[in-house]
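K.L.:
Going down the list, the sequences are from chains A and B.
Note that the numbering used here has the first sequence beginning at 1, numbered continuously upward.
Note that the numbering used here has the second sequence beginning at 1, numbered continuously upward.
If you are wondering where the hints come from, they were derived from the structure by calculation, not from laboratory data.
Think of the CB as a built atom: it goes at the ideal place given N, C-alpha and C, for glycine as much as any other residue.
Hints are supplied without guarantee of correctness; some may be wrong.
Stated by the list, open to error - Derived coverage of chain B by chain A (criterion: at least 3 residues anywhere in the stretch with Cβ under 8 Å from a Cβ of chain A; other residues may be distant):
1) 63 to 69
2) 90 to 97
3) 111 to 123
4) 143 to 151
5) 298 to 312
Stated by the list, open to error - A few chain B positions that, by computed beta-carbon distances, are all more than 12 Å from chain A:
6) V18
7) A20
8) I21
9) T25
10) L29
11) G81
12) V131
13) I140
14) I188
15) Y218
16) P228
17) P244
18) F265
19) A279
20) N282
21) Q289
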Amino acid sequence: MTEAATEVSKGHVEYKTRELRLHHRSSINLAARQFARNRAALLGLIAFTVLVAAAILAPLIIDYNPNAIKLSEKLQPPSWSHWLGTDYFGRDVFTRVLYGGRVSLSVGLIVIGFALAIGVPIGLTAGFFGGRIDNFLMRLMDAFLTFPPLLLAVAIVGMLGPDIQNVMLALGIVRIPVFARIVRGSTLSAREEVYVRAARAIGAPMRRIVTSHILRNIIAPIIVQITVNFAGAIIAEASLSFLGLGAQPPDPSWGRDLNEARRYLEDAPWLMMGPTAAIMIAVLSVNFVGDGLRDALDPRSWRTWQTKKESSGSVSESRGGN
Amino acid sequence: MGNRLSYLMRRLAQIPFVLAIVTITIFSLIHVTPGDPIQIMLGMQTSPDAVDALRKQFYLDRPLPIQYFIWVKNAVRGNLGKSIRLNLPVTRMIAERLPVSLKLAASAMLFALLISIPAGIVSAIRRNTVVDYCFTGFSIGGLAIPNFALALLLIFFFSIKLDWFPITGIGSSAGKDVSLWGAIAPFILPAVALGAQQTAILQRLLRSSMIDVLSQDYIRTARAKGVPGWIILVIHALKNALIPVVTMVAIQFGYLIGITITIEFIFAIPGMGFTLLTAVVNRDFPVIQGFTLTIAIFFILANIVADVLYTLIDPRIRY
Chain A
1 MTEAATEVSK GHVEYKTREL RLHHRSSINL AARQFARNRA ALLGLIAFTV LVAAAILAPL
61 IIDYNPNAIK LSEKLQPPSW SHWLGTDYFG RDVFTRVLYG GRVSLSVGLI VIGFALAIGV
121 PIGLTAGFFG GRIDNFLMRL MDAFLTFPPL LLAVAIVGML GPDIQNVMLA LGIVRIPVFA
181 RIVRGSTLSA REEVYVRAAR AIGAPMRRIV TSHILRNIIA PIIVQITVNF AGAIIAEASL
241 SFLGLGAQPP DPSWGRDLNE ARRYLEDAPW LMMGPTAAIM IAVLSVNFVG DGLRDALDPR
301 SWRTWQTKKE SSGSVSESRG GN
Chain B
1 MGNRLSYLMR RLAQIPFVLA IVTITIFSLI HVTPGDPIQI MLGMQTSPDA VDALRKQFYL
61 DRPLPIQYFI WVKNAVRGNL GKSIRLNLPV TRMIAERLPV SLKLAASAML FALLISIPAG
121 IVSAIRRNTV VDYCFTGFSI GGLAIPNFAL ALLLIFFFSI KLDWFPITGI GSSAGKDVSL
181 WGAIAPFILP AVALGAQQTA ILQRLLRSSM IDVLSQDYIR TARAKGVPGW IILVIHALKN
241 ALIPVVTMVA IQFGYLIGIT ITIEFIFAIP GMGFTLLTAV VNRDFPVIQG FTLTIAIFFI
301 LANIVADVLY TLIDPRIRY
């Protein structure tokens, strides 16, 4: 009899998990649909994809070498053979913008990866354990947040030496507290949810609770922060390279090339157009995607979508939030 | 009132703690990384005795914690040491450079307010019209373009092409133009380039808070009893819509002081950022320490002022 009972409850559990999984899949589906409805976000995603593809496939797209010096063709205005002109060393600007994207985008990626790898565990620890640990960790993070990030990065890079790897390290350090804070805040509220308490009550190991119960439910705010900080990291890298602290010549870099454009502003104003446009497209597209994700990952936006579609719509549905 | 005071005291009490963490971080970074400032200063050809003597003078022969405590002890008394490179007292350098950066940040903020307040109001009233879309477009662009790229564009159009504004001139005494225009002109391009981002932020903020206020009941009441439109706009609506803007101005002002560095670099302005950049390249420890400390204090104070202003202006908020 007990056997039959366990059999039944097992079946019930199986049924339940399948239902949950279905729900899980459909929530991703709903988020994706909501995202696709946002034209700016979609446009941003396309622009960003093109930018990334152009950076990765640069050698296939273009025959020029970004560092090939050809003094006979120096400071040429834009033409059919050089779409964005050539710089003082006769290097093709369009080629350098494409290759520069490799630097900027990979710096953004590594900076976010670094900040996530350290900031998320700090935030989880502080939020989950609370008390003294929380107090200590968060005061420490606050101290870093009360310092202008660009200057902190300048100081760190200056100390370690001007180099693109040190730029990644400095920008990563600067962004740790941002992620630690957002994760801590979400963890604090997730910790009190019924499903976490239930997991605790049945004696689920701490690691499981943190990774599969808490982390999975606070992923939305983290994803939105990733996009915002990715755009910030691109601008910060360009700033540091512009100041001569990042990518070193002759490596192509948007910030570094703008610094060179500054010297020939009078004779070759077209030099600044490529890198400036590239930075703006990168920042704008990532921000649009971020806005779209913020909207799409908010379950309230799905409900308004559904009620809009079913014209009958339930009356009690609360629609606030936008 | 008592609550507010105790909140302020608590915020102020946090400052030393925060400053300690910032200075210890910078201090350990300076001393952990390779590169001896004395060697850089004297070159490789000097006698070991001279190097040792200088090292003693800057306490570089003592253990790190001792060096830090010596520095703190002196800093509390208002002595931040001497620049290794320039042999000037760091406090005097700060006294010279800080006003330059403050003036730059203030003129950027002034520009931001002059543009963003009218633009924000118009956007809110003419919501979802072509005018609003134009302002929104400019704001989005202003947030996406790095300030140094904008500075290059401005220099190209307004200095090189049109020759309206000089490129340099802030802080240099040579060939000083004594007229009012001569005093203002060099600030205009740096202020616009530096303040563009703040203009965008404040315009967005004022637009949304204005829209929020305009939909309140008391505005409808005022309209219903026949108050003229512009009085409703300025007296009733703007006064309340500016509450979040005031706080944001204080926060952004602190932020501006932290990002003047690229603008100071382009326009060769001898402010805090430019000096810090040079000091970082030369590994001039006392200058880096003193300048980062000063900037951190300003940043923290700006944030505290923002919090206090928030409670003073909006009587609904209590701590």
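K.L.:
Which of the listed hints are not met by the structure?
P.N.:
Of the numbered hints, 1, 2, 3, 6, 7, 8, 9, 10, 13, 18, 19, 20 and 21 do not hold.
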